[in-house]
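Enquirer: Letter by letter, the chains look like this.
Number of protein chains: 4
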Amino acid sequence: MIVVMQLNATKAEVDSLINRLEVSGFQSHIIKGTNRLVIGAVGFPAAPENPGLERMPGVEKVVPIMQPYKLAGREIKPDDTVINVKGIEIGGRSAVVIAGPCAVESREQLLEAAVAVKKAGASIIRGGAFKPRTSPYSFQGLEEEGLEILKEAGNLTGLPVITEVIDERSAKMACDYADILQVGARNMQNFQLLKLIGQTGKPVMLKRGISATINEWLMAAEYIMAQGNYKIILCERGIRTFETATRNTLDISAIPVVKGLSHLPIMVDPSHASGDWRLVSPLARAGLACGAHGVMVEVHPNPKQALCDGQQSLSIENFKQTMKDLSMFIQ
Amino acid sequence: MIVVMQLNATKAEVDSLINRLEVSGFQSHIIKGTNRLVIGAVGFPAAPENPGLERMPGVEKVVPIMQPYKLAGREIKPDDTVINVKGIEIGGRSAVVIAGPCAVESREQLLEAAVAVKKAGASIIRGGAFKPRTSPYSFQGLEEEGLEILKEAGNLTGLPVITEVIDERSAKMACDYADILQVGARNMQNFQLLKLIGQTGKPVMLKRGISATINEWLMAAEYIMAQGNYKIILCERGIRTFETATRNTLDISAIPVVKGLSHLPIMVDPSHASGDWRLVSPLARAGLACGAHGVMVEVHPNPKQALCDGQQSLSIENFKQTMKDLSMFIQ
Amino acid sequence: MIVVMQLNATKAEVDSLINRLEVSGFQSHIIKGTNRLVIGAVGFPAAPENPGLERMPGVEKVVPIMQPYKLAGREIKPDDTVINVKGIEIGGRSAVVIAGPCAVESREQLLEAAVAVKKAGASIIRGGAFKPRTSPYSFQGLEEEGLEILKEAGNLTGLPVITEVIDERSAKMACDYADILQVGARNMQNFQLLKLIGQTGKPVMLKRGISATINEWLMAAEYIMAQGNYKIILCERGIRTFETATRNTLDISAIPVVKGLSHLPIMVDPSHASGDWRLVSPLARAGLACGAHGVMVEVHPNPKQALCDGQQSLSIENFKQTMKDLSMFIQ
Amino acid sequence: MIVVMQLNATKAEVDSLINRLEVSGFQSHIIKGTNRLVIGAVGFPAAPENPGLERMPGVEKVVPIMQPYKLAGREIKPDDTVINVKGIEIGGRSAVVIAGPCAVESREQLLEAAVAVKKAGASIIRGGAFKPRTSPYSFQGLEEEGLEILKEAGNLTGLPVITEVIDERSAKMACDYADILQVGARNMQNFQLLKLIGQTGKPVMLKRGISATINEWLMAAEYIMAQGNYKIILCERGIRTFETATRNTLDISAIPVVKGLSHLPIMVDPSHASGDWRLVSPLARAGLACGAHGVMVEVHPNPKQALCDGQQSLSIENFKQTMKDLSMFIQ
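Protein chains in written order, with the working numbering: chain A, 2 to 332; chain B, 2 to 332; chain C, 2 to 332; chain D, 2 to 332.
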């Protein structure tokens, strides 16, 4: 940690700061610049924060040096994490495709989608049973009935299934039915949910919050890992910016940045990022081209009738074409 | 709802769209422009959404006309909502000041703060017992012990108390101790929590999410109101932008905009918006000057020792001065 | 400047960096942390930049300590700058109101507006003769004819006049007619224009770019000041964010932040910030309440007929009311 | 254009609006909804704007239907524009690579870079002679001397050269030396410069402004095209968002979105988007994978000694590797 003193800091202020640092377990190194005094604080005391340093008289700013996450960072684990779910490797050499409808709407709909996406080459089936919707008047999901249908689709195709959980009840319930739990963007900083999921030990897909920095995202992963669950798949799904031509802005740079900072696998979700099925294939290609470990896309047997996000869902035909478009990136 | 057809839409595509609208309970009105066809869809069917219209062949875009919220809007209730909490009116003519520490750290700390802020003119005491923190290694709050201390402070001063709730357990617990429940920015779209709070019937302060549009914010209020709880206080606390000179950007325009759209009271939180105690007083003044029904500020007896957000907390002395600065806006 | 080395930086890499610093005129101070090495570079060589340090092997990041602006900063000039334009003081104790139409459309229109806003209490008349418009098919201004009318309005009312300049030609021309030159948001980083204006010596209003950080804004002021022209008035006019309820988001916090960093006067423009005349009065109040040295608002004798930005213009009646709303802030 | 009336609009207000529309050359079509009246305005009068409609009593909002750009849009020209510069086709089937240093620093530096990037497979040489820099104290370019060196590099390698222009003087000068003029992000809405370049008839690369919407970007192209110059290459170079892990956020979705809306070729600049040479190759791959017509990257013979943007420049070795990484996308 570096503490920059104000231009006119007095000797008493400097002494007082150094005293505070020493009480907190740091050693101080003073650098006298031509204009300012800078103090380097060395040591890594138990408490990761230093409340009040910015408030001390004479202090201009405090610059942290260490990354705030530990378990999620590459410094502690240089090798890539590879997560094996029923024989499917996520984070390894082969890119993984997760496909299926936004919401489980009926047995017929999901089974049709599941069989079709498997046939076209998907590795994992997705389907939502608990839907967090902006409007209280929108379809909120089939809940446990949806989970049962999802499990049946997993059994029928032999593929793992993933579903979103939104609170304690849905998380506990989903553990009995799904192979991977998904934390949606809106819940990325629902810390109670993260702790709970950390305790289940289930593989988790952690979507990036719509306005979360990469740092905050890795700190959210840290919440799960701090409970002993290291099987985390990150998923970039677009951030909120001023541009309205797409629903969100896919932060494609996050792929190589996260791969530099963390050992965890990372995927992209071009369906939620763009909100437009016509952009799904080019954005999926972009994601894999710059190193993502896989893509998650929405596929619906009949997008025009979808109860949720029909605008961004691929039809079965679209999905087949998308798989062809992606073939050069998938071994 | 207005449906704009593509430049080259065929008659069959137009007929198909009109058929879909009629099946959904809408009447269609066709407007032939010089270049394009536009279809006005009239009627308000039970289902508030029209899945798949954007996906129909020949459709360029769909423009909604109605606001998506009902209960939160001024159209349904033109008069301001005034919420009375133990004799303190929120949303009325007098601006309200909520003050207290970010977190309840100890009995001594909170009682000292409570007595001091009451003396200086605050109307409501704040203090967090459950703290959602970016890092799992940061102080997470005293939980039920903190609530007990908070209640004691309420009894001691005769002022109502407000505290943040973060999940089912904390919400149920807080109902026994606090007068107002607070939903933090990170939980603004934690819809399960909103529904639950809607069922408690307790007054709620709903903070705006860090990247929530005003529309989404009012939809979050709608979630609570749809459960029958209309006692909602909105609180603007800064949004995330590219500017890093302040922690967030206080969206001051949200005050008059929300007052135009909704009958619910609205306050500002300059402490979280700026992240810097030196900006609290000017931003509080700005908030009241443009019509906010009150301000919520962080006050700590010893900000340098605060376990949470010391950088943005006013000392008791600072708070007294701030109350003087605000006096011209408070009757 | 602080250089943070990577976790695994070698001794050779550290030596190489120190050598580079010394060649560049810096002294090095080494701080050995528990995990990392940090190097403090002291001295202020002629070249303000240190190209390539981040590229050196073993370097993780470089943290600057000094503010990049010199002349615009409070460190070099602690006292507020007050600019006197024909007897009107900007940056002093009294708040200043600049008012007038977006564009000069005709002699009648401008003179009517000028007389009316003076009568209602405005101190300076505004009117655009060169209009930078998003569409090439929109009204682009009356150019020199507009400047002549503006000057006539200044003579008629005895008030100073301000007008926007957009290139070398308009800047030179405006010097003959206007008392204050305005640099619009889109030209805040048109460095050629800034240099040119610096050479004119005329008072300048420098609007903040729509996505400029406060730092970049002060650096733009520095461009003008580096040419010897210190008479700069900053004007906050809204930044671009994800929120679409207003045209831009008025960054009200910029007022106290800039007042802390710089000695230059700062105003707010609630008309451009909001894009909605109904928000002009509350936002103007907010601006003055938190310390702005004045406001600039658009006033049009007949907003419905305005050739430019009618939606955000106050009518004469609106302006009179706005002046009443602001009276408590204007001595 | 669709005009949505307020809930309580009176008959007189509606009549007045319809009258205004008719005077402006529009035909009105009235749609009576269950709650509101909506008016469709048909016709495309000479004046592209309708000032004051939003200001009329009883009007809630006005929704435009037509795209504001004409010449840049695909509706007027469905086929892709292909621009041939000295035998290099931009916008055709083959992706184009533009490479070279940020700034021309010396004859040796540029010629070394030019020969090396040609050998590695680049099609066009870049180099800046006029540098718009955030600080007035930074290196501002060699100006005409730089242009001469650039032309020599073009002659030596037989490749076209591109350089940035920043005002009337530099634009006129560059026409004698360069094959493509570049308009930088900061000047995307410098409309005077756009008009001037439109008159030169030279091929232009128009970079997206750091906070420009796609719509505004195409309107900037429209400014150039309205002067008769249709040879425009768009270049996405990152937008400003809240994320600070990269200098800007590459808006990869802009590639397929622009290709849908416009016939103009579009490229990506991963160097400026990321500000970090380590991200250049993955982002270049992402750009080409989703359909960009080419990439522009910074290459410097000795990045550590670069006078400008060394952090984002590839070394010659890095560039060779990048060309290998991109080979699967370049025929």
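Be a bit skeptical, because a hint or two may be false.
One copy or two, it doesn't matter: identical chains are merged, so the pair holds either way.
Below, a list of computed lysine-lysine pairs in the BS3-like style, where the Cα atoms sit at most 27 Å apart [as the list claims (entries may be wrong)]:
no., residue 1, residue 2
1, K173, K196
2, K87, K120
3, K12, K33
4, K12, K203
5, K152, K173
6, K12, K321
7, K78, K196
8, K33, K62
For the record, the hints were derived by calculation from the structure and aren't laboratory data.
Enquirer: Work down the list of hints and note, for each, if the structure agrees.
Expert: Checked hints:
In this assembly of identical chains, K173 and K196 lie within 27 Å of each other by CA distance both inside one copy and across copies; the values are 13 Å within and 19 Å between. For the homomeric pair K87 and K120, the shortest alpha-carbon distance inside one copy (18 Å) is at most 27 Å, but the shortest distance between copies (48 Å) is not. Taking CA atoms no more than 27 Å apart as the test, K12 paired with K33 passes in both settings, with 12 Å inside one copy and 24 Å between copies. For the homomeric pair K12 and K203, neither the shortest alpha-carbon distance inside one copy (55 Å) nor that between copies (43 Å) is at most 27 Å.
In this homomeric assembly, K152 and K173 come within 27 Å of each other (Cα to Cα) only inside a single copy, at 15 Å, whereas the closest approach across copies is 33 Å. Within a single copy, K12 and K321 get their C-alpha atoms no closer than 71 Å, and across copies no closer than 29 Å, so neither meets the 27 Å cut-off. Proximity of K78 and K196 under a CA criterion of 27 Å is satisfied intra-copy only: 22 Å inside one chain copy versus 41 Å between copies. Proximity of K33 and K62 under a CA criterion of 27 Å is satisfied in both settings, with 16 Å inside one chain copy and 21 Å between copies.
Hints 4, 6 from the list above are not met by this structure, while the remaining hints are.
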